[in-house]
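Trainee: Sequence:
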Amino acid sequence: FLRSNHPYEWFDENAATLFDFSVGQPPKMNIIAIWGIKPTTTGSSLIPNDKGSLNIDTEFADILANHLLEFQVLLKNISRESKPRVEGNLWLDGFIEWTNLNTTSRGCQLFGGKQFESKSFSGDQLSRCLLQYGHATSLPIFNQWDQKDSDGPIFDKNGDFLAYFLVTYSRYNFSLVFKEMKPFFDFMSDVRDAVERNELSKFNQPIMLSNSQITKLYDLLERILNGTATSVFISLMVSMVVIIVITFDMMLSLLAMICISAVVVITIAIVFWAGWTVNVVEATIIVLTIGMSFDYCLHFAVGFRLHKTGDYSMIASAVGIPVLLAAVSSFCSGFVLIGASTQAFYEISVFLMLITVISFTVAVFVFPSAVTLLLQYCCSSFDRAAITRF
Numbered sequence: 002f003l004r005s006n007h008p009y010e011w012f013d014e015n016a017a018t019l020f021d022f023s024v025g026q027p028p029k030m031n032i033i034a035i036w037g038i039k040p041t042t043t044g045s046s047l048i049p050n051d052k053g054s055l056n057i058d059t060e061f062a063d064i065l066a067n068h069l070l071e072f073q074v075l076l077k078n079i080s081r082e083s084k085p086r087v088e089g090n091l092w093l094d095g096f097i098e099w100t101n102l103n104t105t106s107r108g109c110q111l112f113g114g115k116q117f118e119s120k121s122f123s124g125d126q127l128s129r130c131l132l133q134y135g136h137a138t139s140l141p142i143f144n145q146w147d148q149k150d151s152d153g154p155i156f157d158k159n160g161d162f163l164a165y166f167l168v169t170y171s172r173y174n175f176s177l178v179f180k181e182m183k184p185f186f187d188f189m190s191d192v193r194d195a196v197e198r199n200e201l202s203k204f205n206q207p208i209m210l211s212n213s214q215i216t217k218l219y220d221l222l223e224r225i226l227n228g229t230a231t232s233v234f235i236s237l238m239v240s241m242v243v244i245i246v247i248t249f250d251m252m253l254s255l256l257a258m259i260c261i262s263a264v265v266v267i268t269i270a271i272v273f274w275a276g277w278t279v280n281v282v283e284a285t286i287i288v289l290t291i292g293m294s295f296d297y298c299l300h301f302a303v304g305f306r307l308h309k310t311g312d313y314s315m316i317a318s319a320v321g322i323p324v325l326l327a328a329v330s331s332f333c334s335g336f337v338l339i340g341a342s343t344q345a346f347y348e349i350s351v352f353l354m355l356i357t358v359i360s361f362t363v364a365v366f367v368f369p370s371a372v373t374l375l376l377q378y379c380c381s382s383f384d385r386a387a388i389t390r391f
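In terms of the numbering used here, the sequence shown opens at residue 2 and continues consecutively.
Rather than coming from a laboratory, the hints here were simulated on the basis of the structure.
What you are looking at is a predicted structure, and each value in this text was computed from that prediction instead of being measured.
Incorrect hints may have been included.
[Unchecked claim] Straight-line distance between alpha carbons at most 30 Å, and here's what the computed BS3-like set of lysine-lysine pairs gives:
no., residue 1, residue 2
1, K180, K77
2, K183, K39
3, K158, K183
Given only the sequences and the hints, what does the whole structure look like? Please build it.
Mentor: Laid out in structure tokens, this is it:
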């Protein structure tokens with residue numbers, strides 16, 4: 002149970018030492034742009050398998066047919082933006098040269114005597130010529146992991162022209178770490194904005210992404226960073242409401258929330274200091290941190306509320322044993338996982354032990370001390386004469 006016997010996990014752990022067949026150059030992040038297809042608007046936000054359906058831009062073929070040379074310049078600009086000082090040949094370059102050959106059928110001689118004097122023709126005519134040139138040479142294969150420039154038309158099974166794609170690699174190295182992926186996706190956003198502002202662009206804004214798996218991972222990590230902060234805030238607010246309802250004392254509730262927030266901040270600070278990054282497992286456990294610290298502090302807050310006294314010895318004898326047993330059980334649960342080689346189990350183990358120690362320390366020593374000291378100077382529902390030092 003504690004060992005990574007699953008072949009995927011085993012490969013991930015040994016990939017760097019046993020399966021490093023690199024050619025001495027790190028792979029690059031790809032930019033993928035597709036014209037002629039509109040993003041889906043019918044996908045469900047609640048059902049993961051319901052991805053919806055893509056919409057075809059029916060006007061794209063006609064627009065491309067009458068602005069083919071402008072589209073060629075646009076593709077070159079995107080490729081040049083991705084990797085300056087590196088020139089690549091496009092499949093579209095070969096197609097335009099082919100249309101100017103004397104051996105090309107008259108129906109596919111799309112330009113006049115000079116290359117930049119284009120004739121008016123329809124999208125259906127362009128579709129037939131693209132397919133004819135593809136059969137004469139070869140149609141490009143759409144490979145989102147390709148480490149060289151690739152472009153070409155996309156046809157359906159009936160041979161109808163649907164869209165045009167461009168795959169070009171960037172100067173950014175391939176990475177699965179969020180802080181290394183973010184500069185690339187910011188750069189890709191700038192390229193998308195530049196394409197939209199380009200005066201040569203007579204086309205609708207393309208779908209511009211990276212590899213599908215990389216894009217999904219980046220989207221997940223980006224949402225986790227924002228979602229974790231929101232989840233922590235909501236959890237703290239819910240905890241405060243629960244404490245207020247149970248104790249009916251604003252001072253106890255405020256002190257408990259300060260202690261709970263301190264536990265969360267200290268825990269996050271320690272894991273960041275240790276060099277961890279907030280991913281799915283870490284974000285989930287950070288939210289659970291609030292539940293554990295809330296539980297311990299709530300016991301002592303209820304103890305102060307029910308006993309109507311600041312005598313810590315009396316309250317500790319009433320709620321100290323349940324809190325101690327809860328802390329011991331949580332710490333032991335984390336300790337038995339410390340030897341796991343699977344990263345998720347190991348992180349859960351460290352988190353459980355760390356949270357337990359911090360939460361227990363704050364709930365048993367910091368929170369009662371703060372309550373006892375502040376009650377000496379503030380009015381509350383307690384009998385101030387009953388307050389004793391400990």
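Trainee: All the hints need checking, so say for each whether the structure fits it.
Mentor: Evaluation of the provided hints:
1. K180 / K77: holds (29 Å)
2. K183 / K39: Satisfied, since the Cα-Cα distance of roughly 25 Å is no more than 30 Å.
3. K158 / K183: violated (37 Å)
Checked against the numbered hints listed earlier, the structure breaks hint 3 alone; every other hint is satisfied.
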